[in-house]
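Given these sequences and hints, build the entire structure.
The listed protein sequences correspond, in order, to chains Y and E. Sequential numbering from 12 applies to the first sequence in my numbering. Sequential numbering from 325 applies to the second sequence in my numbering.
Everything labelled a hint here was simulated from the structure, so no lab data went into it. Since we're looking at a predicted model, the values are computed, not measured. Possibly wrong hints are sitting among the right ones.
[Claimed, not checked] From the structure, some residues in chain E lie toward chain Y, with a derived Cβ separation under 8 Å:
(1) S357
(2) G366
(3) F369
(4) L414
(5) S424
(6) Q427
[Said to hold, decoys possible] Taking CB as the label site, the calculated pair distances span:
(7) Y:S94 with E:G340: 36 to 44 Å
(8) E:N401 with Y:M91: 34 to 42 Å
(9) Y:N32 with E:G364: 12 to 20 Å
(10) Y:T55 with E:I336: 23 to 31 Å
(11) Y:L65 with E:T344: 38 to 46 Å
(12) E:F393 with Y:T37: 30 to 38 Å
(13) Y:A27 with E:L407: 38 to 46 Å
Yeah, the Cβ is synthetic: ideal placement off N, Cα and C, and Gly gets one too.
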Amino acid sequence: GQSLEQPSEVTAVEGAIVQINCTYQTSGFYGLSWYQQHDGGAPTFLSYNALDGLEETGRFSSFLSRSDSYGYLLLQELQMKDSASYFCAVILNKIIFGKGTRLHILP
Amino acid sequence: ETGVTQSPTHLIKTRGQQVTLRCSSQSGHNTVSWYQQALGQGPQFIFQYYREEENGRGNFPPRFSGLQFPNYSSELNVNALELDDSALYLCASSPGALSSYEQYFGPGTRLTVT
Numbered sequence: 012g013q014s015l016e017q018p019s020e021v022t023a024v025e026g027a028i029v030q031i032n033c034t035y036q037t038s039g040f041y042g043l044s045w046y047q048q049h050d051g052g053a054p055t056f057l058s059y060n061a062l063d064g065l066e067e068t069g070r071f072s073s074f075l076s077r078s079d080s081y082g083y084l085l086l087q088e089l090q091m092k093d094s095a096s097y098f099c100a101v102i103l104n105k106i107i108f109g110k111g112t113r114l115h116i117l118p
Numbered sequence: 325e326t327g328v329t330q331s332p333t334h335l336i337k338t339r340g341q342q343v344t345l346r347c348s349s350q351s352g353h354n355t356v357s358w359y360q361q362a363l364g365q366g367p368q369f370i371f372q373y374y375r376e377e378e379n380g381r382g383n384f385p386p387r388f389s390g391l392q393f394p395n396y397s398s399e400l401n402v403n404a405l406e407l408d409d410s411a412l413y414l415c416a417s418s419p420g421a422l423s424s425y426e427q428y429f430g431p432g433t434r435l436t437v438t
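Listed below in structure tokens is the structure:
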């Protein structure tokens with residue numbers, strides 16, 4: 012089957028760096044995307060990796076290793092507004108989302 | 325540029341009834357995907373429409389059906405509602421089927437089945 016695994020919760024301190032991991036059991040996918048969702052809000056697109064390696068977009072970076080079936084989202088200089096749920100998603104002929112990681116940020 | 329809009333925002337239905345949810349895609353986007361999101365879970369892919377044709381389907385029964393119109397707006401229809409259909413239904417558009425990695429989500433329709 013096709014599945015993605017993410018930690019259910021992660022806690023970090025304001026100003027710090029946090030990494031949210033995503034491991035998957037699927038093959039033949041086009042790439043790995045990351046979305047952010049605040050409580051009561053809609054998911055918003057953050058990043059996409061079509062190829063192995065690191066993609067950087069401001070404070071957020073995303074990494075993909077197809078050989079390790081693994082990816083991660085890296086958030087730097089954490090701000091309180093980054094408190095949200097983060098989802099990884101693989102793109103095939105359908106889109107499969109992970110269950111999400113709830114990020115808690117402490118002042 | 326108008327974003328993705330959905331209607332209604334909230335809906336309460338009774339088990340066994342039918343429901344139609346509507347979505348207007350972002351200007352210039354010809355691909356629409358529908359998702360079901362239960363509380364505390366990730367969005368579950370229902371199906372995708374590209375230029376009025378179904379372009380992929382998740383593990384949902386046939387009582388979940390959809391349409392896409394020439395202006396690329398879309399409908400999700402659910403027949404014979406069950407209690408487990410209570411969820412947030414999200415619509416997302418993208419510039420093309422090959423750009424599905426970057427989706428723009430609407431605010432969702434909260435469906436409650438009693």
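Is the shortest C-beta separation between Q427 of chain E and chain Y less than 8 Å? 6 Å, holds
34 to 42 Å was suggested as the range; check whether the CB atoms of N401 of chain E and M91 of chain Y agree with it. Holds: the Cβ-Cβ distance is about 41 Å, inside 34 to 42 Å.
S94 of chain Y and G340 of chain E, beta-carbon distance inside 36 to 44 Å? 40 Å, holds
With a cut-off of 8 Å on the beta carbons, see whether G366 of chain E makes it to chain Y. 4 Å, holds
Cβ-Cβ distance between F393 of chain E and T37 of chain Y: within 30 to 38 Å? 32 Å, holds
Can the suggested window of 38 to 46 Å be confirmed for the beta-carbon pair L65 of chain Y and T344 of chain E? 44 Å, holds
Cβ distance range 23 to 31 Å for T55 of chain Y and I336 of chain E, holds or violated: With Cβ atoms ~28 Å apart, the hint holds.
So, as I understand it, the hint says S424 of chain E touches chain Y; can you test that by seeing if any CB pair is closer than 8 Å? 6 Å, holds
Given L414 of chain E as an interface hint, is its Cβ closer than 8 Å to any Cβ of chain Y? Hint holds; L414 of chain E Cβ to chain Y Cβ min 6 Å, cut 8 Å.
Interface hint for S357 of chain E, Cβ within 8 Å of any Cβ on chain Y: This interface hint holds because 7 Å falls under the 8 Å limit.
How does the Cβ-Cβ distance of A27 of chain Y and L407 of chain E compare with 38 to 46 Å: does it lie in that range? Taking Cβ atoms as reference, A27 of chain Y and L407 of chain E lie about 42 Å apart, which means the hint holds.
Under 8 Å, Cβ to Cβ, is where F369 of chain E needs to be relative to chain Y, so tell me if that hint holds or is violated. 5 Å, holds
Violation of the numbered hints given earlier is absent; every hint is satisfied by the structure.
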